[in-house]
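Peer 1: If you want the building blocks of each chain, they are given just below.
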Amino acid sequence: MKLTGNYTMKAPRAVVFDTLMSVDVLRSCLPGVEKFEHTGDGRYETRLRAGLAGVKGEFAGTITLRDPVPPVSYTLAMDGNFSGGFVSGVGSIRLEDLGAQTRVEYSGDAQVSGPLASVGQRLMAPAAKMVVGKFFRCMEAQIESRTNSASR
Amino acid sequence: MITETFEYHAPEDVQAAVAILAEHGPEAKVLAGGHSLVPLMRLRLATPSVIVDLNRIPQLRGITTENGSITIGAMTTHAAIEHSAELKAMLPVLPAAAALIGDPMVRNRGTIGGSLVHADPAGDWPAVALALDAQLQLVGSHGETTVRADDFFVDLLTSAVEPDEILTNITIPIPTGRVGVSYQKFAHPASGYAVTGVAAMVMLDDADACIESRIAITGAGATAVRATESEAMLRGTDLNGGSIDRAAESAVSGIDFLGDIYASEEYREQLVRVYTKRSLLAAFRAATSGHGAEAAKTI
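Residue numbers (the numbering used here), protein chains in the order written: chain A, 1 to 152; chain B, 1 to 299.
Honestly, the hints are just simulated from the structure, not real lab data. We put the beta carbon where it would ideally sit given N, CA and C, even for glycine. Check each hint, because a few of them may be wrong.
Which chain B residues face chain A? A few, computed with CB under 10 Å, are given here [claimed, not checked]:
(1) Leu37
(2) Met41
(3) Leu45
(4) Thr47
(5) Asn55
(6) Pro58
(7) Arg61
(8) Pro121
(9) Leu156
(10) Asp260
Given the sequences, and given the hints that come with them, work out the whole structure.
Peer 2: Quick look at the structure:
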């Protein structure tokens, strides 16, 4: 499953990069976080549980943030169990400087197996896109609240 | 496979159904026709612990006409809509669109309310409901609310219905004057789902100029959406001229297209252009011929 897209945030690039790397922000913006613990080298033991239309999606495994080039890019890898199957994927995230704004471009490819992947194939990519969209909106709100409290 | 165990409730009125939902919260799932839910349960992808079956609530079924609008009970099957003589006379796009859904087995069990609440990105009814400015009545533990179709489809597989609410009725104003409505879809050859479907309503004055139009697209993005920019472009124009072409061209703006192994994002974008044009032309033909509605599908 390929996933590409972009999201423009109303914040300068350095701020967006720091936020994307912040454990606290990630923990509060990932969907249905039950566990998100740093185990070193950018690896996080993760358990996520989210639902859509009565179907529960569960992920248990590692998320790795690697090759960071502040404030331009990094690589995100995901490996683990996914709702009775497996998921293994790598994505690259690039931040483009637009002055007061930043465009986050993401592009990734994931191998997903198991019953949800085979039956729900038609809806997997849009569901993933929806999760990513929610994640970035949450992140934008976090940046906004941080900037507001800093300027006070 | 056999489903996970669940507690089964078959209430006989809406209030009882709502009370069960309020008690169990998001763990409970409403069963309508079951054509989306039951396969997911049998694969154990969906494992709700409580099922609230609405099939024994008679007041949720049926079609009534009153004060210039049609009210369809949420548990009315696609087949009942397809074969309704009343609808064929009053708002023929509804039976015509119903006839394009899935296959006879799906139409005999599947319901209009189930389809709307499930908000499948490739469902047919969402586009039709948007184009006809339908009002959706919800009943929950806090009382009744009415939601316009425009505000109903929130996101992928997400409608405005809360876990403790039930969609009870769909009310559609019967368009008057020189009005034509059309639903045209490119159907997935196996499932019958709309790879792209476009519903269009046009209202004309005596000189064939467009007074108002509504265009709604399903299958293209995460939810069904209206092409408001295209609607604005048509207002006041003579639909015999090139305005339909221009409106079809701009219908793609603002859609974040889905892509899958069957139809890429670019392909869906082109389908939206082609089917918006076909649907507008068919609606225009229906308005000028006085026939009222057209619907067709391509596989």
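Peer 1: Indicate, hint by hint, whether the structure satisfies it.
Peer 2: Now the hints, each set against the structure:
1. Checking leucine 37/B against chain A: minimum C-beta separation of about 6 Å stays under 10 Å; hint holds.
2. Evaluation of the methionine 41/B hint against chain A yields a held restraint, the C-beta minimum of about 8 Å falling below 10 Å.
3. The criterion of a C-beta within 10 Å of any C-beta in chain A is met by leucine 45/B, whose closest approach is roughly 5 Å, and the hint holds.
4. For the restraint placing threonine 47/B at the interface with chain A, the shortest Cβ-Cβ distance is roughly 7 Å, inside the 10 Å limit, so the hint holds.
5. Interface restraint check for asparagine 55/B: the shortest CB-CB distance to chain A comes to about 17 Å, outside 10 Å, so the restraint is violated.
6. Proximity of proline 58/B to chain A is violated relative to the hint, the smallest CB-CB distance being about 25 Å (cut-off 10 Å).
7. Interface hint status for arginine 61/B: violated, as the beta-carbon distance to the closest one in chain A is roughly 23 Å, over 10 Å.
8. The beta carbon of proline 121/B is positioned within 10 Å of a beta carbon in chain A (closest approach about 6 Å), and the interface hint is therefore held.
9. At its closest, the beta carbon of leucine 156/B sits 5 Å from a beta carbon of chain A; the interface hint therefore holds under the 10 Å criterion.
10. Annotation: aspartate 260/B was flagged as interfacial toward chain A, and the flag holds, the nearest CB pair being 6 Å apart, inside 10 Å.
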